[in-house]
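Hey, can you work out the whole structure from these sequences and the hints?
Next come the chains, spelled out residue by residue.
There are 2 protein chains.
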Amino acid sequence: MRYELYYWPGIPGRGEFVRLALEEGGADYIDVGNDEEAGGMAALEAVLEGDGAHPPFALPALKAGSVLVAQVAAILQYLGPRLGLAARDPRAALWTHQLQLTVADAVTEAHDVHHPLGAGSWYREQKPEAARRAREFREQRIPKFLGYFEQVLARNPKGPRWLVGARVSYADLSLFQLVAGLRYAFPRTMAGVEDDLPRLRDLAARVAERPRTARYLASPRRLPFNENGIFRHYPELDG
Amino acid sequence: MRYELYYWPGIPGRGEFVRLALEEGGADYIDVGNDEEAGGMAALEAVLEGDGAHPPFALPALKAGSVLVAQVAAILQYLGPRLGLAARDPRAALWTHQLQLTVADAVTEAHDVHHPLGAGSWYREQKPEAARRAREFREQRIPKFLGYFEQVLARNPKGPRWLVGARVSYADLSLFQLVAGLRYAFPRTMAGVEDDLPRLRDLAARVAERPRTARYLASPRRLPFNENGIFRHYPELDG
Numbered sequence: 000m001r002y003e004l005y006y007w008p009g010i011p012g013r014g015e016f017v018r019l020a021l022e023e024g025g026a027d028y029i030d031v032g033n034d035e036e037a038g039g040m041a042a043l044e045a046v047l048e049g050d051g052a053h054p055p056f057a058l059p060a061l062k063a064g065s066v067l068v069a070q071v072a073a074i075l076q077y078l079g080p081r082l083g084l085a086a087r088d089p090r091a092a093l094w095t096h097q098l099q100l101t102v103a104d105a106v107t108e109a110h111d112v113h114h115p116l117g118a119g120s121w122y123r124e125q126k127p128e129a130a131r132r133a134r135e136f137r138e139q140r141i142p143k144f145l146g147y148f149e150q151v152l153a154r155n156p157k158g159p160r161w162l163v164g165a166r167v168s169y170a171d172l173s174l175f176q177l178v179a180g181l182r183y184a185f186p187r188t189m190a191g192v193e194d195d196l197p198r199l200r201d202l203a204a205r206v207a208e209r210p211r212t213a214r215y216l217a218s219p220r221r222l223p224f225n226e227n228g229i230f231r232h233y234p235e236l237d238g
Numbered sequence: 000m001r002y003e004l005y006y007w008p009g010i011p012g013r014g015e016f017v018r019l020a021l022e023e024g025g026a027d028y029i030d031v032g033n034d035e036e037a038g039g040m041a042a043l044e045a046v047l048e049g050d051g052a053h054p055p056f057a058l059p060a061l062k063a064g065s066v067l068v069a070q071v072a073a074i075l076q077y078l079g080p081r082l083g084l085a086a087r088d089p090r091a092a093l094w095t096h097q098l099q100l101t102v103a104d105a106v107t108e109a110h111d112v113h114h115p116l117g118a119g120s121w122y123r124e125q126k127p128e129a130a131r132r133a134r135e136f137r138e139q140r141i142p143k144f145l146g147y148f149e150q151v152l153a154r155n156p157k158g159p160r161w162l163v164g165a166r167v168s169y170a171d172l173s174l175f176q177l178v179a180g181l182r183y184a185f186p187r188t189m190a191g192v193e194d195d196l197p198r199l200r201d202l203a204a205r206v207a208e209r210p211r212t213a214r215y216l217a218s219p220r221r222l223p224f225n226e227n228g229i230f231r232h233y234p235e236l237d238g
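Line by line, the protein sequences give chains A and B. Residue 0 is where the first sequence starts when you use numbering that gives the first Met the number 0, and the numbers rise one by one after that. Residue 0 is where the second sequence starts when you use numbering that gives the first Met the number 0, and the numbers rise one by one after that.
In short, the hints are calculated from the structure, not lab data. It is possible that part of the hints are untrue.
Stated by the list, open to error - Below 25 Å or equal to it, Euclidean Cα-Cα: the simulated DSS-like pairs (lysine-lysine) are: (1) A:K157 to A:K143; (2) B:K143 to B:K157; (3) A:K143 to B:K62; (4) B:K62 to A:K62; (5) B:K62 to A:K157; (6) B:K143 to A:K62; (7) A:K126 to B:K157.
Claimed, not checked - Computed footprint of chain A on chain B; a stretch qualifies when at least three of its residues, placed anywhere within it, have a C-beta under 8 Å from a C-beta of chain A: (8) 29 to 41; (9) 184 to 190; (10) 216 to 224.
Stated by the list, open to error - Simulated restraints, written as ranges between beta carbons of each label pair: (11) B:A57 to A:A165: 25 to 35 Å; (12) A:E138 to B:E235: 42 to 52 Å; (13) A:R1 to B:A41: 48 to 58 Å.
If you're wondering where the values come from, they're calculated on a predicted model, not measured in any experiment. Ideal placement from N, C-alpha and C gives every residue a C-beta, glycine not left out.
Right under this line is the structure:
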């Protein structure tokens with residue numbers, strides 16, 4: 000099975016949560032948006048404007064044979080068991096998915112910090128409002144979200160190596176990406192917050208050291224964070 | 000099985016998406032937050048501060064025997080097959096879930112309209128910002144989200160009665176609630192938008208007429224929308 004990932008070129012964005020699973024799972028895939036030979040932007044628009052019965056509302060979307068699925072959490076739920084990145088036990092699989100949805104909520108908030116008035120206008124048009132929202136995000140939301148995941152790790156009956164059970168899952172990969180993005184966007188804030196999150200820090204390091212993921216992170220396929228994406232480093236928002 | 004729903008009292012909020020499924024599915028359940036005898040607020044706090052292995056990040060949460068699950072979409076994915084509100088076919092079930100996640104995105108945006116600077120300060124402290132965000136929401140986001148669901152209905156190979164296949168699913172119930180909430184919060188906007196969404200209008204009416212749901216909507220268990228919830232009617236935000 001050759002998977003096709005459809006996501007905007009040039010940014011990690013929400014596509015990165017899918018890329019990390021495909022890479023750690025050793026999947027054969029094409030990153031269509033970043034591959035002109037595979038169709039590039041024109042292929043993305045064709046998927047968004049296609050006339051199939053399961054249209055995506057937005058990207059990322061994944062094609063797997065005749066399956067077209069969008070929404071990061073749904074894509075990962077689909078890929079998880081196929082790539083060995085989700086528990087088979089239904090209760091553990093549901094818990095993995097619940098954690099993924101909470102990562103997704105944190106990602107949405109991380110985006111809205113620099114676009115509190117909506118994605119339809121530029122950051123430069125909403126800088127004072129972003130500064131107000133950023134303060135709450137730094138002081139309350141980052142500690143709340145990351146403190147939650149620290150607690151989840153601490154309570155895992157199989158130990159704090161992974162979020163669910165004794166094996167890596169797509170939720171661990173996504174949490175790694177959330178932490179990486181927050182470190183990029185809010186380095187000062189994170190330097191202060193992470194002291195109290197030893198298990199989370201270890202988890203992020205553990206993900207980055209997995210052989211397949213380490214090779215991916217060192218490759219040109221890993222797109223750097225930048226100021227067109229979800230996680231943006233605007234020093235004025237970092238307190 | 001007697002389900003226990005844990006959600007803040009006095010508002011429909013995100014708990015309503017779960018209530019609608021429990022009611023349409025004919026489930027035996029307790030709405031703990033609105034039931035002092037069942038524990039009320041103290042029971043909610045006990046669930047949030049409990050020391051179990053699967054702590055909820057936020058409410059709603061659902062207890063089903065020894066299962067505790069949070070995140071609306073995860074709760075509905077759990078309940079769907081148990082209450083006859085989701086397709087058994089895996090591909091159709093995934094599509095149902097994908098649609099639910101898109102409803103959830105719309106709900107988050109509907110909330111953020113009145114709290115663009117974050118939930119940590121009052122609406123009255125962010126009224127000019129809310130007015131700016133509301134304009135984009137009214138003019139771009141509501142038509143985009145609802146137009147998408149209209150298209151999904153139009154493309155359903157089994158006809159436009161329901162979002163997925165030929166039977167009602169939890170995603171239909173949630174879409175009904177999204178439409179109801181938007182009508183409450185943005186009546187002028189919706190009056191203009193709905194003319195172009197005949198299938199969506201019909202779907203919302205069809206959900207409301209289902210016998211169990213109709214009885215629920217007419218009962219005191221159906222909490223009215225109000226200005227403490229997600230969907231708030233502030234006329235100044237309705238253009």
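Query raised in the report: Hey, K62 of chain B versus K62 of chain A, does the alpha-carbon distance stay inside 25 Å?
Result: With Cα atoms ~35 Å apart, K62 of chain B and K62 of chain A exceed 25 Å; violated.
Query - Annotated coverage of the region 29 to 41 of chain B by chain A, confirmed only when three residues or more have a Cβ within 8 Å - result: violated (count 0)
Query raised in the report: Quick one, are K143 of chain B and K62 of chain A close enough, alpha carbons at most 25 Å?
Result: Within the cut-off at roughly 23 Å; holds.
Query raised in the report: Holds or violated: K143 of chain A with K62 of chain B, Cα cutoff 25 Å?
Result: holds, 23 Å
Query raised in the report: Are at least 3 residues of the region 216 to 224 of chain B within less than 8 Å of chain A when you compare beta carbons?
Result: violated (count 0)
Query raised in the report: With a cut-off of 8 Å between beta carbons, are at least three residues of the region 184 to 190 of chain B near chain A?
Result: It is violated: at least three residues are needed, and the region 184 to 190 of chain B offers just 0 whose Cβ sits closer than 8 Å to chain A.
**Report entry** Distance restraint evaluation - A57 of chain B, A165 of chain A, Cβ atoms, bounds 25 to 35 Å
**Finding:** holds, 27 Å
Report task. Sort out whether K143 of chain A lies within 25 Å of K157 of chain A, counting only the CA atoms. Result -> holds, 23 Å
Query - Pair hint K62 of chain B and K157 of chain A, alpha-carbon separation not exceeding 25 Å - result: Between K62 of chain B and K157 of chain A the Cα gap is close to 23 Å, so the pair holds against 25 Å.
Requested in this report: Please work out if K126 of chain A and K157 of chain B have their alpha carbons no farther apart than 25 Å.
Outcome: Cα-Cα ~48 Å, so violated.
Query raised in the report: Taking 42 to 52 Å as the hint, is the beta-carbon distance of E138 of chain A and E235 of chain B inside that range?
Result: Violated, since E138 of chain A and E235 of chain B (Cβ atoms, about 29 Å apart) do not stay within the stated range.
Requested in this report: Could you check the hint for me, namely that R1 of chain A and A41 of chain B are 48 to 58 Å apart, CB to CB?
Outcome: holds, 54 Å
Hints 4, 7, 8, 9, 10 and 12 from the earlier list are contradicted by this structure; the remaining hints agree with it.
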